[in-house]
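A.B. asks: Here is what each chain is made of, one letter per residue.
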Amino acid sequence: MPGLLSLQRDVLRQPETNVTNPPDLDQIRRLELLEAYDILNTPPEPEFDDIVLVASEVCGTPVSLVSLVEANRQWFKASVGFEPCETPIEQSVCAHSLASPDLLIIPDLTLDPRTAQNTLVTEPPHIRFYAGAPLIGPDGVAIGTLCVIDTKPRPQGLTPSQQKVLAALSRQVIALLEHRRTSHRKDELFRRQKGMAANFRATVNKTIAAQEAGRIGTFEIDIVTDVIAASAEFCRIFDVPAVPTYPAKTFQDMVVPSDRGLHSTDRNRSDGSASMNVEYRIRTASHGVRWISRHAVLEQDETGRPVKMIGTVQDITDAKRTVLRTQALLDLGDRLRDLDDITDMALVASDLMGKAFDATRAGFGLVDKAAETLTIQSEWHSVEADALALKHHFRSYGSYIEDLKRGEPVVLSDVKADPRTSGTANALLALGIRSFVNLPVLDHGRFNLLVYVHHDHVYDWTDEEVAFIRSFGDRVQMAMAKLQAETEQATLNREIGHRLKNTFAMIQAIATQTLRPVTERGHVQNFEKRLFALSKAHDILIHDQGNASIRNIVESLDETLAMPGRIDLDGPDVVLGPRGALSMGLVMHELGTNAMKYGALSQPDGIITIRWVIDESGPEPQLTFFWQESGGPLPKPPERKGFGSKLIQMGLIGTGGVVTSYEAPGFSVEMSASLQQLQQAN
Amino acid sequence: MAQSTPINNRTVVLVVEDEPLQRMMAVDLVLDAGFDVVEAWSADEAVTILESRTDIRIVFTDVDMPGSMDGLKLAASIRDRWPPIELIVTSGHIRMNDVDLPARSVFFPKPYDTEKVTAQLNLMAAN
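Protein chains in written order, with full-length UniProt numbering: chain A, 1 to 682; chain B, 1 to 127.
I should point out that these hints are in silico values taken from the structure, not numbers from a laboratory.
Hints may be right or wrong, so weigh each one.
Partial pick of chain B residues on the chain A-facing surface, computed with a CB cut under 10 Å [as the list claims (entries may be wrong)]:
no.: 1; residue: 25
no.: 2; residue: 64
no.: 3; residue: 66
no.: 4; residue: 68
no.: 5; residue: 70
no.: 6; residue: 93
no.: 7; residue: 109
no.: 8; residue: 111
no.: 9; residue: 112
no.: 10; residue: 114
no.: 11; residue: 116
A short list of chain A residues far from chain B (calculated; beta carbon distances all over 12 Å) [unchecked claim]:
no.: 12; residue: 387
no.: 13; residue: 423
no.: 14; residue: 502
no.: 15; residue: 568
The calculated lysine to any residue pairs, modelled on SDA-like cross-linking and capped at a C-alpha distance of 25 Å, are [claimed, not checked]:
no.: 16; chain 1: A; residue 1: 597; chain 2: A; residue 2: 647
no.: 17; chain 1: B; residue 1: 73; chain 2: A; residue 2: 497
no.: 18; chain 1: A; residue 1: 164; chain 2: A; residue 2: 295
no.: 19; chain 1: A; residue 1: 529; chain 2: B; residue 2: 123
no.: 20; chain 1: A; residue 1: 416; chain 2: A; residue 2: 485
no.: 21; chain 1: B; residue 1: 116; chain 2: A; residue 2: 568
no.: 22; chain 1: B; residue 1: 73; chain 2: A; residue 2: 62
no.: 23; chain 1: B; residue 1: 116; chain 2: A; residue 2: 372
no.: 24; chain 1: B; residue 1: 116; chain 2: A; residue 2: 542
no.: 25; chain 1: A; residue 1: 646; chain 2: A; residue 2: 662
Note that the Cβ used here is the ideal one computed from N, Cα and C, for glycine as well.
Isolated chain A, as found in the complex (with noise of 0.2 Å):
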């Protein structure tokens, strides 16, 4: 019935004070499912607006809404008999049935106090009678009501199958919400995949379009004969003269030692064994090692004898280095966090960047800057080149040093064409080296170390394979400071170690003279053995550089008590931070002290029974340790609480939580703290 309601905006946006605020988690549950349902605001849709016709329909109402309420104002996805898209939050009578998951029935609005003030009530368009079903989402949260509104009171409400009807339409405005959730998920993950998809095609495309620029070689060989037809292209990629006929071993030759077998010989061809489809390597006159890609058929005569091999051939070089270079990276990154060697560590970079680029050598050298020396640190070279000698004057090869000394990379293609080396270029040939990368790596700015790649032929190092150079580099600087530090670290510590062991060897000989006078020599070795025990603990936080576990305090104890036998221990590995460390040590003294002076250790056959367990079940887990003394004399209290029993009675970290008993067979202690406590660092 529209037109029934139709009302003006400012009538609705009067204020309107009697709707009391649900709480405030509620209201924040609430919007963010209506945000998760991204429905506010939409456009309306016929699954709606179906629901809200059968609602107005079955219950007899003019008016019927599926109302979203906001923090400050509810919204309408669908309504029949009802203008306006949304209402402030205090004209909302659905606003009352959030907070119940029944149907909110109010038959006369004017008689109900929540209502009876509401301005929709008290103005045009006068409405008398409510009901409405919460909307209720699957984890409970009510986001607003599906309801059906009368101008006219209904004393007598809804009939039992109206509000069956009702609720279930409103759990229909649910499903709806939620599957568009769903879908909408759906399509974000297509569009997701489709752009996907397009990058990948995109990327599929130009690397066809790159090899399609790379040209192809075509060859036949005859079986027979053993000479290969190849064409000038062929020729080219193999870096041959352009003749029409080779003898087929001429290309069989060149190809690297490590790959032969990969590629056809007269062997395999006669026999049709030989692979048709094949990477592999050859060794050019001047371009070096070359990555060839071979496609090829054999044809057969009418005895199934192979008679010809009929293919392509392409240079994939370039497609090949970068997917050896990824993996370079990689396996640096993996091998790198072996090694705790700077020598190892130097040479497994320079085998696996010397062999990602088929290179003549790579590797790395230690720079005297001031003397303008190199020396080789660790080398990697191929079969056909010797190894660099180990010390160099970067004068002898020309003048790029002065680039190095700034922090620039060199690199060059041609050492007979580059003017820093063309004058000095013979020296360079004779170890044959005809292009070469040296990349500085600075450490805090500080360039003592040369990363540096050579080949034995004129070669054009892109900007992608020099970075590549600079992060072998980079890594395997970064991984000697982390070694260098690492051993600084361990120095320190030591040094450290030693300090405090002095002072406490000489806070132990003030002492003891001070206390020299001191006719009650128990009091001053108690002193004494406190000072050693806490010594002790420092002894296990610094050999385990600063986490010391429950084992070696224990350990430690029975170690010093020197009663072999006579403690039993057991409990899991716990690593305890240094302040638990040292607590814990002096209890473990006083504990033994008392065992010695009282308990099970004063007798041949007592023994100590130590177990510790970590408790999870708590909100934060918790460590118990156990103390057990048995086959010693009847336990009894002390008489009176000294220092010793003071320590005992502050616990693990001095929180407490320590239960002695003295009853047979023999003293017991059981103290807990927070196991969170007992590792923190400080």
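Assemble the complex: chain A is given as a structure, and chain B must be docked to it using the hints.
C.D. replies: Just chain B, lined up with the frame of chain A:
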């Protein structure tokens, strides 16, 4: 450097320690154990003393000391030149197992348990 002069055939212990307070404590420990004591503040001085008298049975030495040799070199030199002398070595270094101590020597990390050092002195003197 005041030195107790041995007046009978009691065991004589040479304490070598550069730090005065710690040397005082070590000397008291030796005296309290019922032995006679001779003090040196460096390894070099200890060698001079050992060269000048023959009654020293036990040397109780620190490791970190100034001078041309430290306590470890002293211990090695004593084992070489005066084989019968017993050796007790102490140091603030946490672990000494990296370093080779001479045969028949006992190590105590600092701060040491005076009771255990006393027991060790008694053991060595009894042999």
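A.B. asks: None of the hints should be skipped; say for each whether it holds.
C.D. replies: Status of the hints after comparison with the structure:
1. Because the smallest distance between the Cβ of residue 25(B) and any Cβ of chain A comes to about 4 Å, under 10 Å, the interface hint for this residue holds.
2. Because the smallest distance between the Cβ of residue 64(B) and any Cβ of chain A comes to about 8 Å, under 10 Å, the interface hint for this residue holds.
3. Interface hint status for residue 66(B): violated, as the beta-carbon distance to the closest one in chain A is roughly 14 Å, over 10 Å.
4. The criterion of a C-beta within 10 Å of any C-beta in chain A is not met by residue 68(B), whose closest approach is roughly 21 Å, and the hint is violated.
5. With its C-beta approaching chain A no nearer than about 13 Å, residue 70(B) sits outside the 10 Å limit, and its interface hint is violated.
6. Look at residue 93(B): its Cβ gets to within about 6 Å of chain A, closer than 10 Å, so that hint holds up.
7. For residue 109(B), the shortest C-beta to C-beta distance to chain A is roughly 7 Å, which falls under 10 Å, so the interface hint holds.
8. Below 10 Å, beta-carbon pairs count as interface contacts, and residue 111(B) has one with chain A at about 4 Å; its hint therefore holds.
9. Evaluation of the residue 112(B) hint against chain A yields a held restraint, the C-beta minimum of about 8 Å falling below 10 Å.
10. For residue 114(B), the interface hint holds, the least distance from its beta-carbon to any beta-carbon of chain A being 6 Å, beneath 10 Å.
11. With a least beta-carbon distance of about 8 Å to chain A, the hint placing residue 116(B) at the interface is held under the 10 Å criterion.
12. Listed as a non-interface residue, residue 387(A) keeps its Cβ farther than 12 Å from every Cβ of chain B; the least gap is roughly 36 Å.
13. Distance check for residue 423(A) against chain B: the nearest CB is about 54 Å away, which clears 12 Å, and the non-interface claim stands.
14. The non-interface label for residue 502(A) is inconsistent with chain B: the shortest C-beta to C-beta separation is roughly 4 Å, within 12 Å.
15. Non-interface call for residue 568(A) relative to chain B: holds, since the shortest CB-CB distance, roughly 24 Å, exceeds 12 Å.
16. About 17 Å separates the Cα atoms of residue 597(A) and residue 647(A), which keeps this hinted pair within 25 Å; it holds.
17. Restraint check: the Cα-Cα separation between residue 73(B) and residue 497(A) comes to about 22 Å, which is no more than 25 Å; the hinted pair holds.
18. Only pairs whose Cα atoms come within 25 Å are accepted, and residue 164(A) paired with residue 295(A) is rejected, the gap being roughly 74 Å.
19. For the suggested pair residue 529(A) and residue 123(B), the alpha carbons sit about 21 Å apart, so the restraint of at most 25 Å is met.
20. Using a Cα cut-off of 25 Å, the hinted pair residue 416(A) and residue 485(A) is violated, with the two alpha carbons roughly 43 Å apart.
21. A distance of roughly 24 Å separates the Cα atoms of residue 116(B) and residue 568(A); the hinted pair therefore holds under the 25 Å criterion.
22. Distance restraint check for residue 73(B) and residue 62(A): the Cα-Cα separation of roughly 108 Å exceeds the 25 Å cut-off, and the hinted pair is therefore not satisfied.
23. Restraint check for residue 116(B) and residue 372(A): not satisfied, since their Cα atoms lie roughly 60 Å apart, outside the 25 Å limit.
24. Annotation: proposed proximity of residue 116(B) to residue 542(A) holds, straight-line Cα distance about 23 Å (limit 25 Å).
25. As the CA atoms of residue 646(A) and residue 662(A) are separated by approximately 16 Å, the hinted pair is consistent with the 25 Å bound.
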